[in-house]
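First to last, the protein sequences are chains V and E. With our numbering, the residue at position 409 of the first sequence is 409, and numbering never jumps. With our numbering, the residue at position 204 of the second sequence is 204, and numbering never jumps.
You may find that some hints are simply not true.
What the hints assert, rightly or not - With a straight-line cut-off of 20 Å between C-alpha atoms, the simulated SDA-like cross-links for lysine to any residue are:
| no. | chain 1 | residue 1 | chain 2 | residue 2 |
| --- | --- | --- | --- | --- |
| 1 | V | K392 | E | D308 |
| 2 | V | K396 | E | A307 |
| 3 | E | K115 | V | L74 |
| 4 | E | K223 | V | K467 |
| 5 | E | K259 | V | R244 |
| 6 | V | K313 | E | K88 |
| 7 | E | K158 | E | D194 |
| 8 | V | K392 | E | A307 |
| 9 | E | K37 | V | P110 |
| 10 | V | K65 | E | D112 |
| 11 | E | K175 | V | E413 |
| 12 | E | K121 | V | D68 |
| 13 | E | K115 | V | S409 |
| 14 | E | K175 | V | A53 |
| 15 | E | K165 | V | K467 |
| 16 | V | K467 | V | V438 |
| 17 | V | K313 | E | P240 |
| 18 | E | K222 | V | D402 |
| 19 | E | K201 | V | N425 |
| 20 | E | K220 | V | S399 |
| 21 | E | K175 | V | P426 |
| 22 | E | K223 | V | T407 |
| 23 | E | K119 | E | G109 |
Claimed, not checked - Pair by pair, the computed Cβ-Cβ distance ranges are:
| no. | chain 1 | residue 1 | chain 2 | residue 2 | range |
| --- | --- | --- | --- | --- | --- |
| 24 | V | F408 | E | K309 | 19 to 27 Å |
| 25 | E | P248 | V | I174 | 57 to 65 Å |
| 26 | E | D279 | V | A53 | 42 to 50 Å |
| 27 | V | V45 | E | P248 | 41 to 49 Å |
| 28 | V | L389 | E | Q324 | 32 to 40 Å |
| 29 | E | S38 | V | F85 | 22 to 30 Å |
| 30 | V | V45 | E | D120 | 54 to 62 Å |
| 31 | V | V495 | E | G145 | 39 to 47 Å |
As the list claims (entries may be wrong) - Quick look at which bits of chain V chain E covers, simulated, 3 or more residues with Cβ under 8 Å:
| no. | stretch |
| --- | --- |
| 32 | 101 to 112 |
| 33 | 371 to 379 |
| 34 | 449 to 458 |
In short, the hints are calculated from the structure, not lab data. This one's a predicted model, so the numbers in the text were calculated from it and none came from an experiment. Where is the CB? At the ideal position from N, CA and C, for every residue including glycine.
Each chain, letter by letter, is given below.
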Amino acid sequence: MSATTEAPPRPAAKEPPPPPAEPRRLPRWAWALIVIGVWILVWSVTKGQDTLAIAAREHTEVQDKLTDFRDSVLASRDTNPVIQFTYQLGEWFKSLVDWFQRMISIPDFPRPVPQIGWVGVTAVATWIGLAVAGWRIAILVAASFVTFGLFGYWSDSMDLLIVTFVAVAFAVLIGMPLAVLLGTTSRIGNSIINTILDIFQTMPTFVYLLPIVLFFGIGASAGVVCTLIYAMPPLIRIAGHGIRSVSGTTIEATDSAGQTRSQRLRKVQLPMARKTIVVGVNQTIMAALSMATIAAYVDSPGLGQPVLNSLFKNDVGGAFVPGMLIVVMAVMLDRSTTAASEASEKAARGGVDMRQRRIVLALTAIPVVVALWMSRYYTWAAEFPETELGPKLADKVNSFTDWFVDTFSTYTEWFKNVITDYLLNPMQDLLAESPWYVSALAILALALVLGGVRALIPTVICLWGLKFFGLWHDAMITLNMTLVGTVLVMILALVFGVLMARRKAVDLGLRPLLDAGQTIPPFVYLIPMLALFGPTRFTAIIAGVVYAAPVAIKLVADGVSGVSATTVEASRSTGATAWQEITKVQLPMAKGSLVLAANQGLLYMLSMAVIGGMVGAGALGYDVVLGFSRSEEWGKGAAAGISIVLLGIMVDRIARAAADKDEVTHNPAKRPWWRSAMG
Amino acid sequence: MRITRNGWMRARPALAAACLALVVAGCGGGSINEETKSNEEKQAAAGGDCGELNMAVNPWVGYEASAYVVGTVAQEQLGCTVNYKDLKEDVSWQGFGTGEVDVVIEDWGHPDLEKKFVKDKGGDGSATMFGENGNVGIIGWYVPGWLADEHPDILDYKNLNKYAKEFETSESGGKGQFLGSDPSYVQFDEAIIDNLGLDFKVVFSGGEAATITAFEQAQKDKKWLIGYFWEPQYIHAEIPLEQVKLPPYKDGCQDDPAKVACDYPETPLNKVVSTEWADGDSTGVDLVKNFTWTNDDQNQVAAYITADKMSPEDAAKKWIDDNQDKVDAWLGQ
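Just chain E, same shape as in the assembly (with noise of 0.2 Å):
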């Protein structure tokens, strides 16, 4: 056939090219040779006792600075080659069983995870619970500073209904709103707001982008806006947010989740790793055991990033060099 002919006519000049390319790719040199000899020395020299490091970076800032920190100080000082993951809470936990996944460095707690995944929870095993990172969650409901300025007394649950015409938007069906927030957080909202008796309704946000959006045009056009937020978050740092006071939380009031009528509690942040990594004898394990670390050095680093726009390694680096004496605790030095 004709046309086949043709094609095979174009195409020739392509194979032709595509050998010489191959010919080509015999040389090289100049820099780049020497560059390619060094590493080769390095990588004899460095002898590997820490081996790959994948490190799950789950999609918020605070979680990047503390994966960065870890992985850069693994990196650097321990000669690890550290693989980050983008990847969202559960996927990042499958991953653990089968080798793609090591170290999930912040958990903000997750029983159904822990049930499928952690041996003494009943889970197959592939993951085990690594300790606290130091951090603390704070979860609770949050106005704009502008609003607990000019109503101070909003900062009760028990006023709210006082104010809940004003929360009233296109979504929330007559009554007052409420933001809920990103599907993947802990949220008994719902429930507060039925057994508190609350004239709101929770209209979800669905994503952290959009709740935080949502608090920054509240606070730059006083808006009324109530919602679901927690820190550490960097937000915090560019625009106030107040938290609203609610029944507080005892042991176990948040068992039935139906009948929550109280604060959510603190949480201590988790580390989690693949069991197979954990038991290996990577001196990177050493390290995420012993990590830990404020609220505050971690808003430092993600401030880093969102306000001095610093790439994620650039800002753990710097925050490193400032705190050397931290990093060597978690080495053990």
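Chain V with its partners taken away, still in its complex shape (with noise of 0.2 Å):
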């Protein structure tokens, strides 16, 4: 069925939905629920059976035959030639972020004081800012810096934007020949690079946090490179994208001229491409950023160190101060890269007096000279003044925590001992206790209920892949906390996201709070969090939720504001209450964005499974915590880990699928530029 039949402009509001085309048939929702019943029935009599539980430091052979090939590299250690070339790349990346931390971050012994102090750092971001993206985000650049060091972290904040610095230039380095062979290659090489890329993502960074030490050294080597790794798939995925949608006409039209193949992409689909391609730079710059506390964990320089000291300490104030200004600069570069992008798009369209800006730029240059010869010069623009800013927010953040654990905790002990009785065990008990070749049959049956033949293949070989690794209860245990973490954000989504397009000042007041939500550190709010839940899976739901709710609440705030506003008006002009216009018109309208918002939220919550077992959750998440911490336990870890991409690569086909059987995905007009980007 198509969005306009589903959608009736006519005097209908109240009249039951219009039949489905296809009135003979059941649809998919009855046929899912044929399938649990069934389960259900099932798991009734076999329940406990074969469910395949392993203890806590039990291991399967596999897992051990992975422990003992990490052994076998780690041995050789001092012969494997390649080794030996990451280790001299790794020295390479050390020895580049240490010459960026003397100019802006450390004392350059014998200085007491970096090459350039804060006065002139300051000053020439500031200008930067003003060069690319104008005034507005000049000052946001200034006041940003001003603020890393108000608050006591200059030093910290230079760090975490060198190592971000250096991890993005080489993602861009390594990732736009990549995205350029995503653009142009088949199909079929497409659907390959995007699986790699999907494992990329998915694979918990603690799998390979060890490997990637002994490859390339302990400190901004190991950091930048495992940055690097985790930000490089975004730029990937939407540039390869952008290259890929530059029109089949122009194409066509500049062929004619007969270029060659690499003029065309430099002529033509590149700079077509160069917004989007933008947007890419700018997603990989917010991934990166989003790795500073695991980087931490190998000594690599920046804010990520003193949000992990303060954690463990359990000073949730002095992680919340680094854990905001890492938000404060996610923030600063996210809107300058726009801008800047902009920017240049109104410069090239020739929208710009160039002669009046180099002026403008020439004469501001001046000062910030003056600001950088000062900065060497005194002792005052060197040095950040020590404020008392950090501490205080600190203890004040530590005393609102305290008062908000102390008056709340009995309500929140309520709702979660509610959601765990009710939703959390009854569904794991299902999933988990049903002997594994029911559950694996029932995943089987819904998959083809929901998604059809094509969502059979890839659900087949990632269920064998779980068994095979050797942790399918664990496996289930995860997949269950995610689909009831996926639930929360989708209510959350569906009440802000709707709020946020009909509201313009909701929309305002949200967006912030959101972006602090994906980018804050998860260790920042952890501690809260178990003070008021206890370690249980429903504290990792929740940690979970406050990461992948932003997401999915602004796919569906930008799904229903793309309803056309014409056929709201229609609506409301046969006198639909809002309710009405909201659950007839611009829900169904924008289901494409919801299926979209419901599977981003999935894998986000996928993703945090990691943090889950840091507080409680067991599982796969522990597993995985487990592997990191004990040398012996790596090949459980990595097995863990393994099955995390599996459960991910597996709900997201079958997601996809589903939502490919939709029409409404399928009509251009209304999917959105990063729906396609990423499939």
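Bring the two chains, given one by one in their own frames, into a single complex with the hints.
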């Protein structure tokens, strides 16, 4: 059925929804319910058998083999030529980061201060902001840099900026050729590259953190490499999509002029995809910043270090301040890159008086040079003066947290118990306590019903993999937490997404909060949540929801506000109430966005599985942390990481196949650009 | 192309500014210059018989206290350049072989890592066990103080089943919950519970922060909680925790992990260092070799860091000022 038949602009608001296109077939949700019904019946007589549960320190043969493999690589480190090479590369990364650090963040011995002090750095950054994006961004940049210093984290902020810059620079260097490949290759090549990118994005970093240390060394080198691995996929995906979507007619027209393939790429495809490529770079920067705390686990410099240090002292306020500065940096870089791309677009169209611009930039360069000079000469301009702001804010946050926990812990306890008893536990009983072959068959049947034959093959492969790596029981528990979390995410997404789409003020007020939820390191809010909900699966779910809900809310809001104004107007003229307008017109027409929001919400939830393992949720997340913490368990941790990847790919493929069966998502007018960017 | 030319035009002033910056970089002066000079002189005078000391800082406060006290003595009294590296245990041990880590100052026992890196355990010899650091680790089952006050008999494992129902939570599947801890730590609780016939289920907190928060809340809100905990740990200074008696440890009773039915032994904590560094002629080697202090010493510094919110450097300096006699012993004076 198409979008227009689903949302009748006729005065039919009170009538039941229009009949499905093929009325004699049962709808998919009914089939799904039948499958679940049968599953429950089988479960009631077989529960507890063959669940494949293994104890915390038991391993399977496959897991032992993985550990042995790691051990043999480790034992060969003095002779292995690959490790020799990557280690040199790591040393080089280290000296590059170190050089930048001595320039702007740490004392360049024998100087007692860096080569360029805070006044100089701030002035240069502000001037760059002005040059690439205009006055408003320049002010934002200046304010952000001063904030870093005011709260007492100047040096750590500069370190994070350096590591992010180096990692993103290499991500662009390596990622752009791959993006071109993705944008010009065949459909099959495309789906292979996409699957590889899926693996990189869903594999928990803790699994490959130890190998990275082995290959690249401790410190900035490991930090740069793990950031690079995690942050590159968005660029490849989005830029590749941009290159691919350059209009066919343009290419044909220029091809007919007899251009070579490389001319086509350089002169047509890349310039025309420039805007999308910038979006890709922007997303890569955001992903890089979200690695800040993980990188700190291997002593990579940056704001992640004070966050982690405060975590092990249970000092919420102490973690909040540097965590908040990461958010400030993310917002600054996000708004600057977006504005820079808009400004260059405008300039390319000739909308800017270049002569005047050059005069302004030349004039403003004078105070910048003065600032640079002063920051080398005077101590006050070289070292940010100490303030009490950071510790004061940390104290405030601590007392606020204590008050909040004391006041609300009885209610939150109740809420946790309700969700656990009525949603989490029954679902977990069904998924994890059924014999493994029953759950596997049921999941297959659901995949078939929802996604059709297309979903079947990936599901079979992923289920087989889960069985093979020996953590079936844990995988089912993790899947269950992810599903429950996604339900909560979608409830939030529907409520706030619709509110944001319908009320501009809500949108304005909520966006910064959503940005913060996405970029603040989870380690900052784990301790208050632990205090509220105890070390439980529920705590893990809530931590995941904080991270996953913003994406889903934004997607729903964008989808709903994308519903054409005339359609809404038409329904309004029939006297439909606001509720009817939302449920009968706006939500059905934004169905594609809803499916996408659920899909992304689920993957984001899954990516928090490891954090969940640190707050008492057990299952795959705990296994990954265990593997990272005890060298003899590395194989089990790796198996858990692979299982998380398999779960992610399975759910994603089912969701995509299901969405593809919906014609709404095939309507290009309603298909947002990032939807196709991801598949 | 128009686009590229515009891009170049805009980049030109940036280049000009960069050139100017380089010119300016040649100048400098004032108090910064004076400090630079004095630093240069100091460096020449120091002579550098300590060199660099790469100190791993594992993520718990007690460790941080030991690391910074040794590091500060090395820096202030031996003139070493101390690099603190925030790492977990496994990563630290990997760093011995590459020269990235010289010292692990508090090791709770890692048989698997010893097998990989210590020569007489069959490893590649990159790590050397460097003796005990004087701290003694006590691991055991703990309950919050209020619970021990109200039900004193709970401190014997034989009475635990009587209270199992009270310890039930949403995670424990109808049994009493036993809170397991951070996966880095040596834990046999699943086996102990099985072999003593206790009606409990281990739920792993998954991290030290989660465990500490759980005990804090349990004491504050008088909630029932039993779990794995240990000393030295700074939180003992803030809330009362009482240890539950298990069948006493005897030699060999923990050899088969599946059959453990006894308490944890007292663990003398060790120093581990990089073999290459230990064989070198740094004056820091003797300092680390001689370093030893008590649990009370460590708790004192840990309290400066957590309760008094001092930076680890300041906390270490304060303790050193108050205990120069102990420090002198480490320095062989």
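Hints versus structure:
no.	hint	in the structure
1	V:K392 / E:D308	holds, 14 Å
2	V:K396 / E:A307	holds, 16 Å
3	E:K115 / V:L74	holds, 13 Å
4	E:K223 / V:K467	violated, 39 Å
5	E:K259 / V:R244	violated, 62 Å
6	V:K313 / E:K88	holds, 15 Å
7	E:K158 / E:D194	holds, 13 Å
8	V:K392 / E:A307	holds, 16 Å
9	E:K37 / V:P110	holds, 7 Å
10	V:K65 / E:D112	holds, 16 Å
11	E:K175 / V:E413	holds, 19 Å
12	E:K121 / V:D68	holds, 18 Å
13	E:K115 / V:S409	violated, 46 Å
14	E:K175 / V:A53	holds, 18 Å
15	E:K165 / V:K467	violated, 35 Å
16	V:K467 / V:V438	holds, 13 Å
17	V:K313 / E:P240	holds, 18 Å
18	E:K222 / V:D402	holds, 16 Å
19	E:K201 / V:N425	holds, 16 Å
20	E:K220 / V:S399	holds, 15 Å
21	E:K175 / V:P426	holds, 17 Å
22	E:K223 / V:T407	holds, 16 Å
23	E:K119 / E:G109	holds, 16 Å
24	V:F408 / E:K309: 19 to 27 Å	holds, 26 Å
25	E:P248 / V:I174: 57 to 65 Å	holds, 59 Å
26	E:D279 / V:A53: 42 to 50 Å	holds, 49 Å
27	V:V45 / E:P248: 41 to 49 Å	holds, 47 Å
28	V:L389 / E:Q324: 32 to 40 Å	holds, 35 Å
29	E:S38 / V:F85: 22 to 30 Å	violated, 42 Å
30	V:V45 / E:D120: 54 to 62 Å	holds, 57 Å
31	V:V495 / E:G145: 39 to 47 Å	holds, 43 Å
32	101 to 112	holds (count 4)
33	371 to 379	holds (count 6)
34	449 to 458	violated (count 0)
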